[in-house]
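Q: Chain residues, written in single-letter form:
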Amino acid sequence: MLTGSTIVLASFAYVGLLFAIAYYGDKRADAGRSIIANPYIYALSLAVYCTSWTFYGSVGRAATSGIGFLPIYLGPTLMAALWWYVMLKIIRISKANRITSIADFIASRYGKSHMLGGLVTIIAVIGVVPYIALQLKAISTSFSIILKYPEVVMPDKAGAPLFLGDNTFYIAMLLAAFTILFGTRHLDATERHEGLVAAIAFESVVKLLAFMAVGLFVTFGMYGGFTDIFDRATEIPHLTALLMLGGESGNYTTWASLTFLSMLAIMFLPRQFQVAVVENVDERHLNKAIWLFPLYLLAINVFVLPIALGGLMHFPNGGVDADTFVLTLPMAQQQPLLALLAFIGGLSAATGMVIVETIALSTMACNDLVMPVLLRMKWLRLNEQPDLSRLLLGIRRGAIVVILVLGYIYFYLAGEAYALVSIGLISFSAVAQFGPAIIGGIFWKGGTRTGAAWGLSAGFLVWLYTLLLPSFAKSGWLPITFLSQGMFGIDLLKPQQLFGLHGLDDITHCLFWSMLANIGCYAGISLLQRSSAAEHSQATLFVDVLKQSSAAAGSRFWRGSASVDDLLALLSRFLGPERARDAFTVYAGSRGGKTLQALAADADLVHYAESLLAGTIGSASARAMIASVVREEPLGIDEVMTIIDEASQVLAYSRQLEQKSHELESATNELRSANQRLQELDRLKDDFISTVTHELRTPLTSIRAFSEILNDNPQLDPAQRSKFLGIVIKESERLTRLINQVLDLAKIESGSAEWHSGDIDMREVLEDSVTAVSQIFRDQNVMLNINVPEALPLIAADRDRLMQVMLNLLSNAAKFCERPDGRVNVTLAQEDGTLRVDVADNGIGISPADQEIIFDKFRQVGDTLTQKPKGSGLGLAISREIISHFGGRLWVTSAVGTGSTFSFTLPIKAGSKFQVSNQSAKSKPGRIST
Amino acid sequence: MIRSSVTGQRLAALFLLGCLLFNYPLLSLFTGRSEIFGIPLLYAYVFAAWALFIGLMALAVEKRGD
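Quick note, the sequences are listed as chains A and B, same order. Numbering-wise, this note's numbering puts 742 at position 742 of the first sequence, and it's gapless, one number per residue. So the number in this note's numbering is just where the residue sits in the second sequence, counting from 1, plus 1000.
It is possible that part of the hints are untrue.
[Unchecked claim] In silico DSS-like pairs for lysine-lysine, Cα to Cα no more than 30 Å straight-line:
hint, chain 1, residue 1, chain 2, residue 2
1, A, Lys89, B, Lys1063
2, A, Lys95, B, Lys1063
3, B, Lys1063, A, Lys288
4, A, Lys747, A, Lys730
5, A, Lys27, A, Lys288
6, A, Lys95, A, Lys27
7, A, Lys494, A, Lys474
8, A, Lys685, A, Lys730
9, A, Lys857, A, Lys730
[Stated by the list, open to error] Chain B is nowhere near these chain A residues, computed Cβ spacing over 10 Å in every case:
hint, residue
10, Ala10
11, Thr481
12, Ile709
13, Val742
14, Ala753
15, Asn842
To be clear, the hints were calculated from the coordinates, so they are not data collected in a lab. Keep in mind that this is a model prediction, so the values were computed, not measured. C-beta: ideal position from N, C-alpha, C; glycine also.
All chains, full assembly: derive it from the sequences and hints.
A: Laid out in structure tokens, this is it:
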């Protein structure tokens, strides 16, 4: 028979079996032959979603609201269709970043923030505590009931002492012990527990089989199948309502909001995240789980309504809690084995949930709440501890105990006021608050840390006010006036009719207000501010995870320097020396079989070390620890933008194009100006030729004219004839001179002129020149003053050429000086190692604009069309060429109306002695005049 | 994981279909006193639609090579 010892024995045997499975699973995993590496185990492990809520609570819910229990399972079914996008993305992100919990995920997404990690942990712990209380209540109730077998008596909780006098407390502590044994035997960098997953999958099978067994027994054993149950139920008026929607059994709004709530819960319950993401072996397993997991949900729900109806009909007077029908129906039918199976099934549902949930929560609490605080307390000197792995394990074990004690306290305070499902829904509403930050975080780069923090806080506070506190009030631990009159007696602040919103059930009411606050703050604040560089780089890693190759992810945003030894020492402290060394050796192996010593501490290795560490102490703490051994160069927002902005490449490309086109443009400009220069030169050549031709034709014309006159008039009188012949001779000379000058200039310019360089006394040259031109001066009645110093050094030059220059300058001076009172001064002087010659006249002067033009070929000042040219226009050009050939300079200084001074300098011959003139006349101003 | 975008789109479409199937107003069509094969219509509809939905998801995921 079913005695207390049998039940306890069976329970322990069952737990022992779980341990055996877990042990076997771990052994196989260590040997590299995982037993959980297939999609079926993965889908079964996901069924940890079905807890004693499902096992006992669904029937209770169905007994009051008909098929109103179903949205909790339809939501996950719908969500499974979106797993292809959402869950896969979360798995990829988590694997790439070694994320081990929801808190880690959110903290990591928003710039590896300690603050967010801690906040999420607090919300998760407080939010899930009622859910754990639910499991405790289920185990404790079912245990009390089955102990009374074969009688069906509801346990009496009133006046039960707290803690030590209460069975439930011992159950909680036993569960804590199981969990510690299961989940924290050793520290693993990935936080994966293969054995545990195997045990959870086994539990899923057990609870499904147990529930199906009870369902089949009720439906086909107690009644004649589905049709029979429903037929009988429709005969009872108040049961008919359970088979319809829209009435008391739950309206469509509740239905929709519960569906939505459970869609979020299946993603964001810490234990679901643990099994679906952290314990995921291969993302391909997700494919099958997409339809296998909903199938499991369908199977476990088929018999819920028949059991509920059967129970309601079997215990018509309401003395038996509908939450216990799964257990009490077999008991009432004297089926001890089935009752035991049902009890074991319920136990399995509850233990599975508690174990995974508390492991997930303890990981969070350790990595995202306790360690960050401890690491900040400098006086603890944790940074100097050689091995922290024991401390980490200790914290986790402590966290597990604390969480279960919290669950027990909630159970004790508020557990009796609610049915199982109602307690569970409070937790669902809490974890739903993670939805916006996570879904927003993986699809929207714009979500910021501040936005997420405010959204989470606001949603959580609304949840606290509209759902958790009312649950205390209903249990009598807060004044009930809090519910009926609102906080401080303000009507608008009634927790379950906030701001006067009524007509909704409490869950929908809370969901609406909390999501409004949550999404409103998250989106609003995110849109109002700019994210930091760290946030931006994380946002890109998360949102674009499906586009990245996994190897490059993470490390490309890192710059800095580190040493392999430092990293290894750091890892050793948290993982233990052996595991750290093994991990590095494996890494080295993956890098082309290098040895540990040959490893380079590059960005990839640092990223690898950080992700290893993140698995153990959370991403935010890992970031801080790595930063302590690595000299990081801060990543500026500009650099991040440059790295990540796809547009920047396009921008750079177009900038190159722009540059190229600039270069092209300037080359075109150069070509154009060169072309213009060529055209100018061409024009100059044409001008030169036409000028030369013009200059040649003038004398030719007069020669020809006078020759023709002489030829046609043989009887011309001799005086006339000789005058005409004189003109012909003069013009011929002019022509010859012109041609000589053109040839001369051409020779000089082409460099083929002959130069006869010798030591020259400039005074002699001047004397000879003056003698040569004296007749012209005399003819034109111009006074010539010569001013020569007594001693002058020699210069190296061609005497004839210098003569040419002097003659040109003197004849020009004579030509252009004032009439009738012309005066020309020639001055010889020595200055700064050069010999200077000035030829000054008192003519009309040359305007500044013309002072350079006169040195051009064939250019003469004045209008050449109306005035007869007074020279060939080549003299000054040739003179300048000659002077510059000897290293000197020829220029003019002039002002209109005051005459012009043509000056040139020639370098004095090095080492030449002064030549003292023997002609006394030269020592004083000479005067040549008519 | 060979990810066919067609599969993803089919699943997304299924999600929308599911939202329709398991919500007002389609649900209200089946809430009445009538029965089908002795089973209340709403109960039969929800489970049948559920099973169909899972079947379609299985089809979408497992169908390959197109």
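Q: Could you run down the list of hints and mark each one as holding or not?
A: Now for the hints, and whether the structure bears them out:
no.	hint	result
1	A:Lys89 - B:Lys1063	21 Å, holds
2	A:Lys95 - B:Lys1063	27 Å, holds
3	B:Lys1063 - A:Lys288	11 Å, holds
4	A:Lys747 - A:Lys730	25 Å, holds
5	A:Lys27 - A:Lys288	26 Å, holds
6	A:Lys95 - A:Lys27	23 Å, holds
7	A:Lys494 - A:Lys474	14 Å, holds
8	A:Lys685 - A:Lys730	29 Å, holds
9	A:Lys857 - A:Lys730	23 Å, holds
10	Ala10	33 Å, holds
11	Thr481	36 Å, holds
12	Ile709	108 Å, holds
13	Val742	87 Å, holds
14	Ala753	86 Å, holds
15	Asn842	100 Å, holds
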